Amino acid sequence: MRSWLFFCIALSIGALVFAFALFLRSDYLFFAGYVVLQFVVLATAWNILGGYCGYVNFGSAAFFAIGVYTSVALAKLGANPGRYLPEFLAGGLKSLLPLPIPALQLLAGIIAGFIGLGMGYLTLRLRGVFFAIATLAMAVVLQTLIINWDFVGGSRGAYIVRPANLALGPLAISYIEYLFLVMLLLAVIALTVARLIERSRLGYGFASIRDDELAAEACGVPTLRLKLIATTISGALMGMAGAPFPYYIGYVEPAATFGLPYAVNSIAMPMIGGTTSWPGPLLGAILLGSLQQIATVTISSAVNLLIVGVLLVGFVVIAPKGILGLIQDWRHARAKP
Amino acid sequence: MQPLPSAPARYRLEPGSRAMGVSLELVINAAVAGLLLGGFYAAVTIGISISFGMLDVVNIAHPAFIILGSYIAYLLNASFGLDPILAAVIVLPAFYALGLVVYQVYYLSFERRGQDALRGLAFFFGLLFITEVVLILLFGVDYRYVEAPYIGPTWRLGFVDLPLRMLVPCLVSLLLVVILQLLLTHTFSGRAIMAVAQDQLALQLMSANPIRIKRMAFAVSIATASLAGAFLIIIQPVEPSVGREYIGRVFAICVLGGMGSLPGTVIASMLLGIVESFTATFYGPSWAPAVAFGFLLLTLAIRPAGILGR
Amino acid sequence: MTAPLLEIRAVGKRFGGFVALDGIDLYVAQGERLGLIGPNGSGKSTLVNCICGTLNNETGTVRFEGRALDGLPANRRTHLGLARSFQLPRPFMSLSLADNLRIPLIYAVRRRSPLLVPPQELEARAVELLGMVGLDAKARRLPRDLTQVEMRKLELVRAMAAEPKLLIADEVMAGLSHSEIEDIIQLLLRLNAQGISIILIEHIMRAVMSFSQRIAVLVSGRKIADGKPNEVVNNPSVVSAYLGQ
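Chains as they are written, first to last, in the numbering used here: chain A, 13 to 349; chain B, 4 to 313; chain C, 21 to 265.
For reference, chain A alone in the conformation it holds in the complex (with noise of 0.2 Å):
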């Protein structure tokens, strides 16, 4: 199937769902909702390094805060420029801002991107192992840099103001509802970007140094390349998921945004559902996803991560290649005769 055909059947999945939830007319799910597509994104966007390439990326939540500091940084702009920025530049600048979420999470996406290819280009040289507790070290360091920002509030954290309803068309929608049409859009790009990637001359080159680098190089990939092409697609979608965010939670301070429940579930959804194709991710987002936003409502935040921790070792000791995995065994097993 051609990509942009997938594209539309998974646009046309998404409207129908989008209306499905507008008829349901229930808040609570637009909320949770919109939690479960961010982390089909953040799943998605992960896998592209971690289930293509073989490499583990520790510090997703870094990338992610790269979004949510973006956004916070250009409303504190928008807010006051003329404090931070000469006459001229204040006055072009307040016409445009606040910049619609779209815009965000472009910018979020370009300057994530940058960061994740510099990041990458100075530890993908190595082995792996050493880009994985890079990643991590990174997103520590970060946390410091922005804990140390009091331009985007620093420890103490900022609010955000969210708008008041949109008209969209002939609809008139609720703010929460137009995030979770955005986040909606951004995950059915990331599922078709990954499925492109997939099925290209990237995606086989991407298999080649997750099965065996070395190899791969006598055969002629270009593995530092690719490798860095991975890692700035995976890096710039994470950025994007990122950028809405502020406007989703109202409230951001660094301790809850480089969470570890962030690094964990980018690892635990696509090693549960399968990190060898896109269905992997979008399966275990959506499980995982589901699973912890009633287990927060019923249980304690805290006995749900435990949950996914321990999902996370039990999956990767007894059934390394993910719920895909064990279907695709499973019709092996019957297939031979």
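Hints listed in this document are in silico derivations from the structure and should not be mistaken for laboratory results. It cannot be assumed that every hint is accurate.
[Claimed, not checked] Chain A residues, not near chain B, derived (Cβ > 12 Å throughout):
hint, residue
1, Leu23
2, Ser38
3, Asp39
4, Ala146
5, Thr310
[What the hints assert, rightly or not] Distance windows between CB atoms, simulated:
hint, chain 1, residue 1, chain 2, residue 2, range
6, B, Tyr110, A, Ala314, 26 to 32 Å
7, B, Ile182, A, Ala314, 37 to 43 Å
8, B, Tyr110, A, Leu338, 52 to 58 Å
9, B, Pro156, A, Tyr133, 46 to 52 Å
[Said to hold, decoys possible] Stretch by stretch, here's where chain A covers chain B in the computed footprint (C-beta under 8 Å, at least three residues):
hint, segment
10, 148-154
11, 246-259
Since the structure is predicted, the reported quantities are computational estimates derived from the model, not experimental observations. Backbone N, C-alpha and C fix where the C-beta goes; we use that ideal spot for every residue, glycine too.
Once you've looked at the hints, dock chains B and C against the given chain A.
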């Protein structure tokens, strides 16, 4: 809270002060504080030097075991008034056993199957995460600390401050390293471990089972976490997420110290301790985590020969 | 005399205290068939690794078509025309046999933009290559379904897929039957007839003797003989170090 010093009032640079005299004392104190810190970092890293440097097992959950050690020391200290270091020594066998179990699971699930490193990493990351969450559930996010006679006082040698809460862990830590180094070089098992680090095949031909040796070595590395945890809670109050700060430090030191070399680990620890101490004194303690990362990057950039997959 | 295709001068490599290669001088002429023999652990595979860039030699230079390869990563050397099979097969385990060949076909032969694949050409070429070693029936299967022998054949054909100017075959014949060895030799001879230089690393003397135009002998990291097959085989030091065993 930070274990790192912030300069006492009489040492802060005032405008118009005699910069030479004052800053020399400041510098020396920062250096001494760095050395004490470095001694502690050596205890924290020694486990990784063994598991990662020698056995090539990427145990990024090591800091979680350390925090576990801290909490156990806290419990024994709060309930029975036991000295934290003594408590850690008592629990040593339990940590050793834990190490045996963890390695066995790791070996059966990953190393034997020849799985890619991704799974092993995810496994340990999961362990790190689970430990942290369980501790949060059991103890909450409040800071915990221990009571011991050497936590308050500070020795003063001339103008040099030697807080006992830093000095005691540093000295015991160095003792620990010396003991380990002696064990590695003078006992049969120790030499077997060092041989495994160099060449697995040769060891198999010597009819020593490398798996048993590796399991023992890994258990030793986890046992050190018990002591390191006690040191940690002596130096600073502890809460479950503190472990994560140490991941970057620990691997930076291990790599800079030449992977499996214990003396190298000590030197690298001191180096990092001093650099962090200077950063904290002159720029503020909130920048300390960034130092470790900078160190790591610098290390990876300068010493690639030891760490490329070739 | 034209410049050699591959020129190795004073190449040395150590691992810690162990000297794997000690000042090796070797050359391969255009279109030549060179046999490389020696006991296990003599440094043959290390030499291959240094030639192809998987390892970096500490001393000496490797020149290919007159160009120094020092510091060039392995994939660039493959682009220049070097290809090798690994002594211990390293197939891409999650890819089918045909897809295993697709990798060098895409990245060594057709180095264009990394996105969209025209599936027909690559697939057909991959299956054709597999046919040369009798693996075309298993084109869609995964490497885990192969026998050791089949994996070695896959290694060889994956190196061939890169359309090299110099092919290094590292112990591809281990475990093969008489007739299979003949088939591989014929295949390599056909490649050579197309102008591809070949370095054959083997323990099976019969194959090396019949195939090589020249033989080099490596023992403990040093080259102790280099010449016509008959001369080398009768060289006393070669006999005592290797052949007499």
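Okay, the hints, checked on the actual structure:
1. Leu23: holds (32 Å)
2. Ser38: Nearest chain B Cβ is 30 Å from A:Ser38, so the label holds.
3. Asp39: Given a closest Cβ separation of 29 Å, the condition holds.
4. Ala146: violated (7 Å)
5. Thr310: A:Thr310 clear of chain B: closest Cβ-Cβ about 16 Å, beyond 12 Å.
6. B:Tyr110 with A:Ala314: 26 to 32 Å: holds (31 Å)
7. B:Ile182 with A:Ala314: 37 to 43 Å: holds (38 Å)
8. B:Tyr110 with A:Leu338: 52 to 58 Å: The hinted range 52 to 58 Å is violated for B:Tyr110 and A:Leu338, with Cβ atoms some 23 Å apart.
9. B:Pro156 with A:Tyr133: 46 to 52 Å: holds (49 Å)
10. 148-154: violated (count 0)
11. 246-259: With 7 residues in contact (Cβ-Cβ under 8 Å with chain A), the coverage given for the segment 246-259 of chain B holds.
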